[in-house]
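Asks: Please take these sequences and the hints and turn them into a complete structure.
Taken in sequence, the protein lines are chains A and C.
FYI, the numbering for the first sequence is 1 to 181, going by the working numbering.
FYI, the numbering for the second sequence is 1 to 155, going by the working numbering.
Not one of these hints is a red herring.
With the C-beta cut set under 7 Å, the calculated list includes, among others, these residues of chain A facing chain C:
#	residue
1	Leu142
2	Arg162
3	Arg169
Bear in mind the hints are in silico, worked out from the structure with no lab data behind them.
We treat Cβ as the ideally placed atom computed from N, Cα and C, and that holds for glycine.
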Amino acid sequence: MSNELSNTSQKQPLSFDELYKEFAGFVYNVALRIAANATDAEELTQEVFITVLKKVHTFSGLSSIKTWLYRVTVNTTLNYLKKKSRGRKKEVELDDTIAQSVVEYRDTPDDEINKSFASQKVNKLLKSLPQEQKVCIVLRELEGLSYEEISKAVGVNINTVRTRIRRAREALMVANSALEE
Amino acid sequence: MNCKKIKELLLTDYADGCIKANDSADLNEHLLACAQCNAYKEKLFSNVINPLRVQARVQVPSYLQAKVRSAVYVESSKRHSVFSVFSFLRGWRGVASMCGLFMIALILMYTPNKKVENISDEHINYLTETIYGESLQANTSESLNFGTAVETYLL
Numbered sequence: 001m002s003n004e005l006s007n008t009s010q011k012q013p014l015s016f017d018e019l020y021k022e023f024a025g026f027v028y029n030v031a032l033r034i035a036a037n038a039t040d041a042e043e044l045t046q047e048v049f050i051t052v053l054k055k056v057h058t059f060s061g062l063s064s065i066k067t068w069l070y071r072v073t074v075n076t077t078l079n080y081l082k083k084k085s086r087g088r089k090k091e092v093e094l095d096d097t098i099a100q101s102v103v104e105y106r107d108t109p110d111d112e113i114n115k116s117f118a119s120q121k122v123n124k125l126l127k128s129l130p131q132e133q134k135v136c137i138v139l140r141e142l143e144g145l146s147y148e149e150i151s152k153a154v155g156v157n158i159n160t161v162r163t164r165i166r167r168a169r170e171a172l173m174v175a176n177s178a179l180e181e
Numbered sequence: 001m002n003c004k005k006i007k008e009l010l011l012t013d014y015a016d017g018c019i020k021a022n023d024s025a026d027l028n029e030h031l032l033a034c035a036q037c038n039a040y041k042e043k044l045f046s047n048v049i050n051p052l053r054v055q056a057r058v059q060v061p062s063y064l065q066a067k068v069r070s071a072v073y074v075e076s077s078k079r080h081s082v083f084s085v086f087s088f089l090r091g092w093r094g095v096a097s098m099c100g101l102f103m104i105a106l107i108l109m110y111t112p113n114k115k116v117e118n119i120s121d122e123h124i125n126y127l128t129e130t131i132y133g134e135s136l137q138a139n140t141s142e143s144l145n146f147g148t149a150v151e152t153y154l155l
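Replies: What follows is the structure, given as structure tokens:
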């Protein structure tokens with residue numbers, strides 16, 4: 001397969017394998033955190049890379065590939081969640097995926113247990129947020145994007161991003177207090 | 001600076017490391033004096049911001065690459081088989097082709113039909129003899145009986 005994407009910063013074509021190796025990590029994680037479901041995250045990763053294939057000719061080159069891919073990932077995830085029906089079959093939930101995956105990352109058994117628990121708590125907190133706030137807080141805290149990068153990825157004004165992040169953190173404070181009670 | 005403004009700064013610019021120097025000085029001064037805002041700041045970072053930021057990335061399943069590659073390949077094959085016949089019509093060629101077809105359709109629709117001209121009397125007579133068995137010229141002095149007399153219908 002000779003699907004290629006031009007890397008505008010380096011002016012060299014990228015093969016599918018290079019593209020996947022470079023960007024699959026964040027595409028999968030962003031989809032996973034927003035959709036909160038591992039099966040959906042896999043399907044969404046697939047959809048994003050198919051979209052990359054379809055829309056590669058529309059790439060303007062004005063923003064970096066990563067910002068563009070964040071935008072495609074966010075839009076694909078939100079559209080997917082809108083279409084998804086309630087009566088879907090039982091799928092692997094995020095808690096199990098995170099718990100197992102974090103265990104694979106860690107060395108110390110005590111750390112593994114603690115981090116797994118913390119991850120599950122974070123997942124519960126994120127689930128309490130509205131979609132638009134969740135997207136912004138995931139991109140900010142988990143992916144480390146700046147307000148400007150989030151603004152480009154989500155397609156809203158930078159002040160809107162700031163407001164959504166503020167409200168998300170306020171809501172997480174309230175949700176955390178509720179969990180601790 | 002009041003507590004509401006301090007909380008807003010803590011939740012946004014201060015948490016993201018982009019607070020302005022003036023605001024930073026005012027915030028620090030307020031935190032030294034206000035135990036409530038200080039407690040809020042500690043709780044914000046320990047319960048919300050730090051737990052999110054130390055989250056490790058979830059490992060992408062190893063089988064996913066082959067699955068995605070296969071899906072991309074299938075999609076790519078579909079696009080090539082459906083559109084390969086019409087691939088030359090993309091872009092300006094497609095637009096030019098459609099304009100050309102439209103113009104041809106317009107010309108065909110609005111071209112007036114040519115009238116039949118210069119039909120001689122001989123042609124008319126021939127047709128009359130053929131259809132009715134009588135010459136139109138031979139009977140010009142008499143009215144032709146085509147069996148349409150009123151008497152024929154009435155009687």
